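S.K.: Keeping their order, the protein sequence lines are chains A and B. Residues in the first sequence are numbered from 2 upward in steps of one, following the working numbering. Residues in the second sequence are numbered from 4 upward in steps of one, following the working numbering.
No wet-lab data here; the hints were simulated from the structure. Please note that a few of the clues may not be correct.
[What the hints assert, rightly or not] Dumping the calculated BS3-like pairs for lysine-lysine here, alpha-carbon to alpha-carbon at most 27 Å:
| id | chain 1 | residue 1 | chain 2 | residue 2 |
| --- | --- | --- | --- | --- |
| 1 | B | LYS197 | A | LYS462 |
| 2 | A | LYS170 | A | LYS382 |
| 3 | B | LYS229 | A | LYS446 |
| 4 | A | LYS283 | A | LYS462 |
| 5 | A | LYS428 | B | LYS229 |
| 6 | B | LYS197 | A | LYS446 |
| 7 | B | LYS139 | A | LYS457 |
| 8 | A | LYS383 | B | LYS128 |
| 9 | A | LYS402 | A | LYS263 |
| 10 | B | LYS224 | A | LYS473 |
| 11 | B | LYS229 | B | LYS197 |
| 12 | A | LYS462 | A | LYS402 |
| 13 | A | LYS402 | B | LYS229 |
| 14 | B | LYS128 | A | LYS457 |
[Said to hold, decoys possible] Only some residues are given here: those of chain A computed to face chain B with a beta carbon under 10 Å:
| id | residue |
| --- | --- |
| 15 | ASN60 |
| 16 | ALA148 |
| 17 | ASN326 |
| 18 | ASN327 |
| 19 | ALA424 |
| 20 | ILE477 |
Computed from a predicted model, the values in this text were never measured in an experiment. Ideal placement from N, C-alpha and C gives every residue a C-beta, glycine not left out.
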Amino acid sequence: MANEILEEHIQNEYKWGFTTDIAADEAPRGLNEEIIKFISAKKNEPEWMLEFRLKAFRNWQNMVEPEWAHVSYTKPNFQDIIYYSAPKPKKELASLDEVDPELLKTFEKLGISLEEQKRLSGVQSNIAVDVVFDSVSVKTTFKETLAEKGIIFCSFSEAVQDHPELVKKYMGMAVPATDNFYAALNSAVFTDGSFCYIPKGVRSPMELSTYFRINASGTGQFERTLIIADEDSYVSYLEGCTAPQRDENQLHAAVVEIITHKNAEVKYSTVQNWYPGDKEGKGGIFNFVTKRGLCLEDNSKISWTQVETGSAVTWKYPSVILKGNNSVGEFYSVAVTNNYQQADTGTKMIHIGKNTRSTIISKGISAGFSNNSYRGLVQIKKGASNARNFSQCDSLLMGDKCGAHTFPYIEIKDKSGVVEHEATTSKIGEDQLFYCKQRGIDNEKAIGLIVNGYCKEVLNKLPMEFAVEAQKLLAISLEGSVG
Amino acid sequence: MISIKNLHASIGDKEILRGINLEVKAGEVHAIMGPNGSGKSTLSSVLAGREDYEVTEGEVTFNGKNLLELPAEDRAREGLFLAFQYPVEIPGVSNINFLRTALNEIRAYHGQEEMTAKDFLALVKDKSKLVELDSKLASRSVNEGFSGGEKKRNEIFQMAMLNPKLAILDETDSGLDIDALRIVATGVNKLKSKDNATIVITHYQRLLDYIVPDFVHILYKGRIVKSGGKELALELEAKGYDEIKKEFEIAD
Numbered sequence: 002m003a004n005e006i007l008e009e010h011i012q013n014e015y016k017w018g019f020t021t022d023i024a025a026d027e028a029p030r031g032l033n034e035e036i037i038k039f040i041s042a043k044k045n046e047p048e049w050m051l052e053f054r055l056k057a058f059r060n061w062q063n064m065v066e067p068e069w070a071h072v073s074y075t076k077p078n079f080q081d082i083i084y085y086s087a088p089k090p091k092k093e094l095a096s097l098d099e100v101d102p103e104l105l106k107t108f109e110k111l112g113i114s115l116e117e118q119k120r121l122s123g124v125q126s127n128i129a130v131d132v133v134f135d136s137v138s139v140k141t142t143f144k145e146t147l148a149e150k151g152i153i154f155c156s157f158s159e160a161v162q163d164h165p166e167l168v169k170k171y172m173g174m175a176v177p178a179t180d181n182f183y184a185a186l187n188s189a190v191f192t193d194g195s196f197c198y199i200p201k202g203v204r205s206p207m208e209l210s211t212y213f214r215i216n217a218s219g220t221g222q223f224e225r226t227l228i229i230a231d232e233d234s235y236v237s238y239l240e241g242c243t244a245p246q247r248d249e250n251q252l253h254a255a256v257v258e259i260i261t262h263k264n265a266e267v268k269y270s271t272v273q274n275w276y277p278g279d280k281e282g283k284g285g286i287f288n289f290v291t292k293r294g295l296c297l298e299d300n301s302k303i304s305w306t307q308v309e310t311g312s313a314v315t316w317k318y319p320s321v322i323l324k325g326n327n328s329v330g331e332f333y334s335v336a337v338t339n340n341y342q343q344a345d346t347g348t349k350m351i352h353i354g355k356n357t358r359s360t361i362i363s364k365g366i367s368a369g370f371s372n373n374s375y376r377g378l379v380q381i382k383k384g385a386s387n388a389r390n391f392s393q394c395d396s397l398l399m400g401d402k403c404g405a406h407t408f409p410y411i412e413i414k415d416k417s418g419v420v421e422h423e424a425t426t427s428k429i430g431e432d433q434l435f436y437c438k439q440r441g442i443d444n445e446k447a448i449g450l451i452v453n454g455y456c457k458e459v460l461n462k463l464p465m466e467f468a469v470e471a472q473k474l475l476a477i478s479l480e481g482s483v484g
Numbered sequence: 004m005i006s007i008k009n010l011h012a013s014i015g016d017k018e019i020l021r022g023i024n025l026e027v028k029a030g031e032v033h034a035i036m037g038p039n040g041s042g043k044s045t046l047s048s049v050l051a052g053r054e055d056y057e058v059t060e061g062e063v064t065f066n067g068k069n070l071l072e073l074p075a076e077d078r079a080r081e082g083l084f085l086a087f088q089y090p091v092e093i094p095g096v097s098n099i100n101f102l103r104t105a106l107n108e109i110r111a112y113h114g115q116e117e118m119t120a121k122d123f124l125a126l127v128k129d130k131s132k133l134v135e136l137d138s139k140l141a142s143r144s145v146n147e148g149f150s151g152g153e154k155k156r157n158e159i160f161q162m163a164m165l166n167p168k169l170a171i172l173d174e175t176d177s178g179l180d181i182d183a184l185r186i187v188a189t190g191v192n193k194l195k196s197k198d199n200a201t202i203v204i205t206h207y208q209r210l211l212d213y214i215v216p217d218f219v220h221i222l223y224k225g226r227i228v229k230s231g232g233k234e235l236a237l238e239l240e241a242k243g244y245d246e247i248k249k250e251f252e253i254a255d
């Protein structure tokens with residue numbers, strides 16, 4: 002009976018699947034050193050940046066695509082991707098009035114009202130947004146307000162031009178250019194992204210946010226985010242993303258690096274909603290992303306919170322290297338897969354410093370024919386005395402055609418380390434649903450209640466506005482996936 | 004209030020209810036007793052709309068509506084409440100949030116506006132006293148980590164909050180010690196009015212010392228084989244179910 006209703010209901014619509022008709026300035030398809038030079042030249046980059054790219058590219062050519070993840074897909078043809086696509090006209094934009102109106106309409110559809118934000122400049126509750134459309138950062142809001150505090154928040158390209166010393170010093174520190182296949186590819190061809198520097202002793206007065214949108218057909222998106230929190234600073238950073246509905250698979254291979262100095266804290270929240278493909282599993286984004294934080298100095302803290310509902314295939318492990326003594330790493334994740342989505346996601350907590358602590362809370366939800374895997378590594382290096390880790394990995398199944406898997410890896414080289422791991426697997430029961438219905442709550446609302454209850458520990462970690470969005474997204478992603 | 008005529012229901016190939024007839028009017032308390040496997044819980048499940056059972060024959064009218072045509076949530080919204088024998092745990096969902104959702108869904112069904120947070124909290128405070136429910140339980144996850152007695156009290160608390168027309172108490176006495184039993188029964192009695200009705204399903208006469216029924220029905224092998232006043236329960240208690248079994252075995 003459950004299956005009948007399951008089948009009847011598995012038909013969630015992706016509501017961000019529109020395309021925007023904007024002329025794009027594109028590189029020819031394919032990848033070689035000429036393309037990389039083309040991108041670098043387009044961005045008017047200094048020589049050292051081009052060198053970084055070429056070095057990464059030469060390494061990448063000798064690397065093989067990883068196959069250990071619990072996912073199966075047709076590997077992308079890297080020579081059939083357009084590596085640079087920018088909305089035309091490409092010129093310096095001094096104000097929003099110069100942005101293509103089509104683009105502004107897109108943002109409105111996405112619920113990011115830049116116009117609104119512009120009007121309400123300076124209000125504390127606001128969020129500064131950097132919007133990356135295809136490969137180019139189109140507009141960063143609140144730049145001036147933030148500059149007063151000494152905060153640098155701009156596109157990666159601007160940072161390369163205006164703050165080369167910072168980019169040069171920190172880029173590749175958490176994710177080296179040769180770290181892995183996709184990180185190397187990104188390092189070679191990345192086109193833009195966000196850059197953020199919080200100076201000593203500054204708490205960011207607002208949440209900073211990057212919004213990613215893939216638009217043009219046949220393109221890949223390769224953006225880079227670099228966040229540096231100097232001593233005694235704090236920032237909460239949000240990331241959102243959507244893509245049009247297309248039959249083809251599009252590749253998103255991003256790199257996010259966070260570096261925290263002494264006593265600094267960075268909270269990074271993601272609501273990932275790339276197009277997941279249709280009900281039959283056609284199309285959708287391949288989301289192969291490397292996110293890593295480095296607690297460089299003592300008493301610093303990096304916290305990743307992610308709500309993953311999109312993408313056809315996800316390969317993503319936001320991690321923390323706990324180098325500074327007493328540093329803290331956190332990973333809170335909700336990963337939802339429906340229809341034919343596949344997710345292999347988790348984290349790595351690398352304890353190097355003394356008294357370092359990490360917490361991992363992972364909530365997987367599988368519905369339809371999907372596969373959802375948690376993969377996590379907790380490593381306590383020699384000398385990382387009194388390191389502590391607590392991991393909790395829960396899986397929730399809806400229906401009987403989906404899969405949930407847990408792959409925990411633990412390596413302890415210091416005897417004083419304490420690692421706890423808890424894991425549960427449960428099913429949304431007909432009993433729970435009937436109980437809700439008997440109190441007057443219909444099926445959809447009941448699933449929403451149960452799922453949000455299950456994810457509560459993670460959703461609680463999200464900033465307010467984001468938590469509301471995430472709750473709605475969870476409901477939409479699972480619309481009618483259980484009977 | 005509710006009129007059940009010749010109700011037959013099966014699970015798989017097995018027929019469990021084999022022609023139930025029952026009439027319950029506003030202001031009345033009916034007790035349904037019977038040995039294990041007689042179909043007591045099936046009757047409550049069928050009335051509440053659990054989909055595991057198939058109704059093969061008969062009709063049920065509830066407040067003038069064909070109950071069997073309504074989905075489970077609409078039956079609840081029409082005012083039918085089932086106090087579960089085994090209340091279900093919903094981790095991470097607070098009792099308060101759960102009840103607020105339920106209450107507002109019911110209000111929306113009747114074209115009423117959502118209750119304000121202030122009114123809602125006042126109602127919670129008021130009704131939790133009724134069943135001596137610790138206010139901490141109201142903010143904890145639905146039934147999670149509750150003791151058996153707390154779960155049953157929580158059912159009656161929910162009943163008080165949702166103010167149903169017809170409440171069916173499915174073996175609410177099972178697993179309760181004498182003090183908890185008294186608290187639960189007192190709660191039910193306080194909620195009784197001339198406009199609502201209660202069906203108490205129980206195995207033992209004990210609960211009926213506290214919730215005094217107007218009518219007692221004995222369910223056996225899917226049929227009501229005997230009906231009477233409250234003295235029938237005492238008679239049953241004295242003689243045991245074996246007498247009933249002997250008497251009606253032949254008719255089977």
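S.K.: So, as I understand it, the hint says ASN60 (chain A) touches chain B; can you test that by seeing if any CB pair is closer than 10 Å?
M.R.: Violated, about 45 Å.
S.K.: Does ALA148 (chain A) hold up as a contact with chain B if the rule is Cβ-Cβ below 10 Å?
M.R.: Violated, about 41 Å.
S.K.: Within 27 Å, alpha carbon to alpha carbon, are LYS197 (chain B) and LYS462 (chain A)?
M.R.: Not satisfied, since the Cα-Cα distance of roughly 49 Å exceeds 27 Å.
S.K.: Holds or violated: LYS229 (chain B) with LYS197 (chain B), Cα cutoff 27 Å?
M.R.: 26 Å, holds
S.K.: Has the given pair, LYS197 (chain B) with LYS446 (chain A), been kept, meaning a C-alpha gap of at most 27 Å?
M.R.: 33 Å, violated
S.K.: Tell me if the straight-line CA distance from LYS383 (chain A) to LYS128 (chain B) falls inside 27 Å.
M.R.: 56 Å, violated
S.K.: Is the straight-line distance between the alpha-carbon of LYS229 (chain B) and that of LYS446 (chain A) 27 Å or less?
M.R.: Judged against 27 Å, a Cα distance of about 42 Å means the pair is violated.
S.K.: Check the hint pairing LYS402 (chain A) with LYS263 (chain A) against an upper bound of 27 Å on the C-alpha distance.
M.R.: 48 Å, violated
S.K.: Going by Cβ atoms only, is ALA424 (chain A) closer than 10 Å to chain B?
M.R.: 15 Å, violated
S.K.: For the pair supplied as a hint, LYS128 (chain B) and LYS457 (chain A), is the alpha-carbon distance within the 27 Å limit?
M.R.: 25 Å, holds
S.K.: Take a quick look at whether LYS428 (chain A) and LYS229 (chain B) sit within 27 Å of each other, Cα to Cα.
M.R.: 42 Å, violated
S.K.: Has the given pair, LYS462 (chain A) with LYS402 (chain A), been kept, meaning a C-alpha gap of at most 27 Å?
M.R.: Roughly 31 Å between the alpha carbons, so the hint for LYS462 (chain A) and LYS402 (chain A) is violated.
Going down the numbered hints, you'll see the structure goes against 1, 3, 4, 5, 6, 8, 9, 10, 12, 13, 15, 16, 17, 18, 19, 20, while the others check out.
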